[in-house]
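2 protein chains.
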Amino acid sequence: MGKDSVQVGLLGLGTVGTGVMQILQMNGKQISSRAGIDIVVKKILVRDKQKFRAVKVDPSLLTTEAAEILEDPEIDVVIELIGGLDVRWYVEEALKRGKFIITANKDLMATAGAALLRLARDNGRNIYYEASVGGGIPLIRPLKHSLGANKIVRIVGIINGTTNYILTRMDLAHLEFAEALREAQAKGFAEQDPSNDLEGRDAAYKLCILANLAFNSNLHCDSVYVEGISNLQQRDIIYARELGFTIKLLAIGEELPEGLALRVHPALVPLTHPLAGVLFENNALYVEGNAIGEVMFYGPGAGAMPTGSSVVADLIEVVRNINHQVENGIMEISFQDKNVVPPYELASAFYLRMQAKDQPGVFAGLANAFSEEMVSLDMIIQKRSSEGKAEIVLVTHAAKEKKFNAALAKIHKFAGIMAINSVYRVIPK
Amino acid sequence: MGKDSVQVGLLGLGTVGTGVMQILQMNGKQISSRAGIDIVVKKILVRDKQKFRAVKVDPSLLTTEAAEILEDPEIDVVIELIGGLDVRWYVEEALKRGKFIITANKDLMATAGAALLRLARDNGRNIYYEASVGGGIPLIRPLKHSLGANKIVRIVGIINGTTNYILTRMDLAHLEFAEALREAQAKGFAEQDPSNDLEGRDAAYKLCILANLAFNSNLHCDSVYVEGISNLQQRDIIYARELGFTIKLLAIGEELPEGLALRVHPALVPLTHPLAGVLFENNALYVEGNAIGEVMFYGPGAGAMPTGSSVVADLIEVVRNINHQVENGIMEISFQDKNVVPPYELASAFYLRMQAKDQPGVFAGLANAFSEEMVSLDMIIQKRSSEGKAEIVLVTHAAKEKKFNAALAKIHKFAGIMAINSVYRVIPK
Numbered sequence: 000m001g002k003d004s005v006q007v008g009l010l011g012l013g014t015v016g017t018g019v020m021q022i023l024q025m026n027g028k029q030i031s032s033r034a035g036i037d038i039v040v041k042k043i044l045v046r047d048k049q050k051f052r053a054v055k056v057d058p059s060l061l062t063t064e065a066a067e068i069l070e071d072p073e074i075d076v077v078i079e080l081i082g083g084l085d086v087r088w089y090v091e092e093a094l095k096r097g098k099f100i101i102t103a104n105k106d107l108m109a110t111a112g113a114a115l116l117r118l119a120r121d122n123g124r125n126i127y128y129e130a131s132v133g134g135g136i137p138l139i140r141p142l143k144h145s146l147g148a149n150k151i152v153r154i155v156g157i158i159n160g161t162t163n164y165i166l167t168r169m170d171l172a173h174l175e176f177a178e179a180l181r182e183a184q185a186k187g188f189a190e191q192d193p194s195n196d197l198e199g200r201d202a203a204y205k206l207c208i209l210a211n212l213a214f215n216s217n218l219h220c221d222s223v224y225v226e227g228i229s230n231l232q233q234r235d236i237i238y239a240r241e242l243g244f245t246i247k248l249l250a251i252g253e254e255l256p257e258g259l260a261l262r263v264h265p266a267l268v269p270l271t272h273p274l275a276g277v278l279f280e281n282n283a284l285y286v287e288g289n290a291i292g293e294v295m296f297y298g299p300g301a302g303a304m305p306t307g308s309s310v311v312a313d314l315i316e317v318v319r320n321i322n323h324q325v326e327n328g329i330m331e332i333s334f335q336d337k338n339v340v341p342p343y344e345l346a347s348a349f350y351l352r353m354q355a356k357d358q359p360g361v362f363a364g365l366a367n368a369f370s371e372e373m374v375s376l377d378m379i380i381q382k383r384s385s386e387g388k389a390e391i392v393l394v395t396h397a398a399k400e401k402k403f404n405a406a407l408a409k410i411h412k413f414a415g416i417m418a419i420n421s422v423y424r425v426i427p428k
Numbered sequence: 000m001g002k003d004s005v006q007v008g009l010l011g012l013g014t015v016g017t018g019v020m021q022i023l024q025m026n027g028k029q030i031s032s033r034a035g036i037d038i039v040v041k042k043i044l045v046r047d048k049q050k051f052r053a054v055k056v057d058p059s060l061l062t063t064e065a066a067e068i069l070e071d072p073e074i075d076v077v078i079e080l081i082g083g084l085d086v087r088w089y090v091e092e093a094l095k096r097g098k099f100i101i102t103a104n105k106d107l108m109a110t111a112g113a114a115l116l117r118l119a120r121d122n123g124r125n126i127y128y129e130a131s132v133g134g135g136i137p138l139i140r141p142l143k144h145s146l147g148a149n150k151i152v153r154i155v156g157i158i159n160g161t162t163n164y165i166l167t168r169m170d171l172a173h174l175e176f177a178e179a180l181r182e183a184q185a186k187g188f189a190e191q192d193p194s195n196d197l198e199g200r201d202a203a204y205k206l207c208i209l210a211n212l213a214f215n216s217n218l219h220c221d222s223v224y225v226e227g228i229s230n231l232q233q234r235d236i237i238y239a240r241e242l243g244f245t246i247k248l249l250a251i252g253e254e255l256p257e258g259l260a261l262r263v264h265p266a267l268v269p270l271t272h273p274l275a276g277v278l279f280e281n282n283a284l285y286v287e288g289n290a291i292g293e294v295m296f297y298g299p300g301a302g303a304m305p306t307g308s309s310v311v312a313d314l315i316e317v318v319r320n321i322n323h324q325v326e327n328g329i330m331e332i333s334f335q336d337k338n339v340v341p342p343y344e345l346a347s348a349f350y351l352r353m354q355a356k357d358q359p360g361v362f363a364g365l366a367n368a369f370s371e372e373m374v375s376l377d378m379i380i381q382k383r384s385s386e387g388k389a390e391i392v393l394v395t396h397a398a399k400e401k402k403f404n405a406a407l408a409k410i411h412k413f414a415g416i417m418a419i420n421s422v423y424r425v426i427p428k
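Residue numbers (numbering that gives the first Met the number 0), protein chains in the order written: chain Z, 0 to 428; chain L, 0 to 428.
Warning: the hint list may mix true and false statements.
Pairs count within a copy or across copies, as identical chains cannot be separated in the list.
[As the list claims (entries may be wrong)] With a straight-line cut-off of 30 Å between C-alpha atoms, the simulated BS3-like cross-links for lysine-lysine are:
1. K186 to K401
2. K356 to K401
3. K337 to K401
4. K399 to K356
5. K28 to K337
6. K337 to K143
7. K50 to K186
8. K143 to K55
9. K143 to K28
10. K399 to K50
11. K382 to K399
12. K412 to K382
13. K186 to K150
14. K28 to K150
15. K2 to K150
16. K41 to K95
17. K401 to K382
18. K41 to K337
Keep in mind the hints are simulated off the structure, nothing from the lab. Keep in mind it's a predicted model, so treat the numbers as computed, not measured.
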């Protein structure tokens, strides 16, 4: 094309936008050299031109008019860093006008990803969204390319930093949930209204994006089964560790013969599993492929610079392709409709904590209830009772959830069982 | 080009070659769909056509004549899976005849990588070598692409499965080195002559390949400083754990203002560091970039199917580029000559175990020796002495190696010090 630069428009100059500009300033020479051509940020859409910003930007680049970017034919790449669903129109408009899209927008890709990717293809363009999941960790690109020789069997992620920080502090510093949450808020790892993170909805959206890519599917993100961590007690984390586990909020996607199973829930993870070592606000994705076996990608799941690093990696790829006149659109997308397997049809081992009366026959009753449903027991802790009450902790071998639930329903009715305190799934090593 | 397939020649049908053929048979439809065109293995160079093989291959594909592959103009891609340095001529010949190279050959890429990459560029072709380091783990592609926005500051790898298996068993099962080695040999994780692995030379070659890519350098692989693990005693692993560490054979590459520092040696790793959770025969690479912070890639560092998965990922990339007529040669290579910083100029914290006479003044002497060299102490263990001997274990704060060594030389001369048993570096969290 004989260009001497590729021009870029930025929508938004918040946390991630600031990170992107800082990286372009800090590593610009290397970035242009890798892209093969200079990258020029021509315009940046902001709400308030006067606002103080943590990065130095030539004020003449700032605009409050989206049209100045969307309608500029010299701009080839639009980087959308505003977030939320309202920007969908901007993205559609940019694609229709032949621009490539880079986005860090999890909500948009989770709810409208398939439709937008189709629109991109129909316009001979593409959408790059590495930064929408896992912050700085390369996840989308490895799933697309490095693991391309594999049929992906299962993905298991720790993809919410807020909950992982809380769980790590509950485990290592023996904090109660409320204390750990307050600390996370004070350190900026949890928002003032943290419910999206705590209830697992943030992780469910990210899982949906990853699973649709890994399994080449077209699943609606509401079909992810979700349980959060706000009822988790430190006591269960202590028991888990005694049994050789830690507790993590996991996002699990599996392709089974009957269909896809996508779920987010707290689970016991063996201490020897690599996901057990993912601490504090870090994220990781564990992937099982039919050729590679098991690999894990670990790193910072959020933050201006890490997420900016993913945005700029996408930018280098787009610009290199534009510069080398590579066919840069989506070659094929064939997101297939696949069946969803409900959680009760899945098999898991289960952790169960309950209060029982310290009297003869209670344990026999428990054992019979499990035995009748063909659920076998793997580990049992019962410590010396006090005041006529005993606390019993069990871990079962793997069983279908509906079988385990049937046993649990029976146990609930026993006079000797005073309370069923906690039930968590256990992932196998 | 109007092709309806891309034809491939395979040099070698050993462990990895068998894995590649199995993956192509198992996932062939998906692989061709990702590449956008059918991939056909046209010829396979073997030594013995009659040999029994673990994979079914049409006997008419086998040949004992390299020329049938190298001189076939229909073959666009040559996959070199013989290994060793004798195949260099095949690779050069294939490049000169305009073929793309995919290789799993660590020795070749470590000793002749820069020259071969230059030859590839001069012929408008490229060499893909993801499988030469880290088996199935995506390392080369992330360093090239996903982290392209970063200046890489440091890489720290566990990139030898044999030694990691031995160290894991010494740590978790309290085996002595010799027992753990025998077990590794029985399980096929160590060769009958394991010295290349145990002495760190295998890891040094892999580090050299990764570092030259990460730091855009042109280092001779003999400039890697190497210490192995064959003198490591279980006693030190037990002390390390008591202090909150495990011991790993690490491959460390750093870019410092004075130049590059590349070294392979056993080191104490904090138990909260993600590398501490890399167990058994698994490998991992921890990367620090100036934008992303810290990321880690974890997985199987060897094996037919994992390594085959990396080879086929490279194959998909080459074939897709051929099919879409993408400029597929190396855009720029500018491996720069960089200064090498010798280990004694580097700073580390140190672990030190010694036997001392149980008499007054010994510890004061130690403390003074360190103090005179400005090395400060972080942790000390001295347990009850027996038979007039005390075992002292120290961990220092970070100090330049030459300062630490100067203190050590003084300590050696003390009458009260009977033996200095072990000295290991400690990596910071």
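Against the structure, the hints:
1. K186 to K401: For K186 and K401, neither the intra-copy (41 Å) nor the inter-copy (39 Å) Cα distance is at most 30 Å.
2. K356 to K401: This pair counts as within: shortest intra-copy Cα distance 26 Å, inter-copy 66 Å.
3. K337 to K401: Intra 22 Å, inter 63 Å, cutoff 30 Å: intra-copy only.
4. K399 to K356: within (28 Å within a copy, 63 Å between copies)
5. K28 to K337: between (45 Å within a copy, 19 Å between copies)
6. K337 to K143: within (19 Å within a copy, 34 Å between copies)
7. K50 to K186: within (24 Å within a copy, 64 Å between copies)
8. K143 to K55: between (35 Å within a copy, 29 Å between copies)
9. K143 to K28: Both ways: K143 and K28 sit 28 Å apart in one copy and 16 Å across, limit 30 Å.
10. K399 to K50: The answer is neither: 56 Å in one copy and 46 Å across copies each exceed 30 Å.
11. K382 to K399: within (28 Å within a copy, 52 Å between copies)
12. K412 to K382: within (23 Å within a copy, 56 Å between copies)
13. K186 to K150: between (40 Å within a copy, 27 Å between copies)
14. K28 to K150: between (38 Å within a copy, 11 Å between copies)
15. K2 to K150: Classified as between: cross-chain Cα gap 26 Å, same-chain 40 Å, threshold 30 Å.
16. K41 to K95: Only inside one copy: K41 and K95 sit 20 Å apart there, 43 Å across copies, limit 30 Å.
17. K401 to K382: Result: close within a single copy only, 29 Å intra versus 55 Å inter.
18. K41 to K337: neither (42 Å within a copy, 36 Å between copies)
In summary, the numbered hints that this structure violates are 1, 10, 18.
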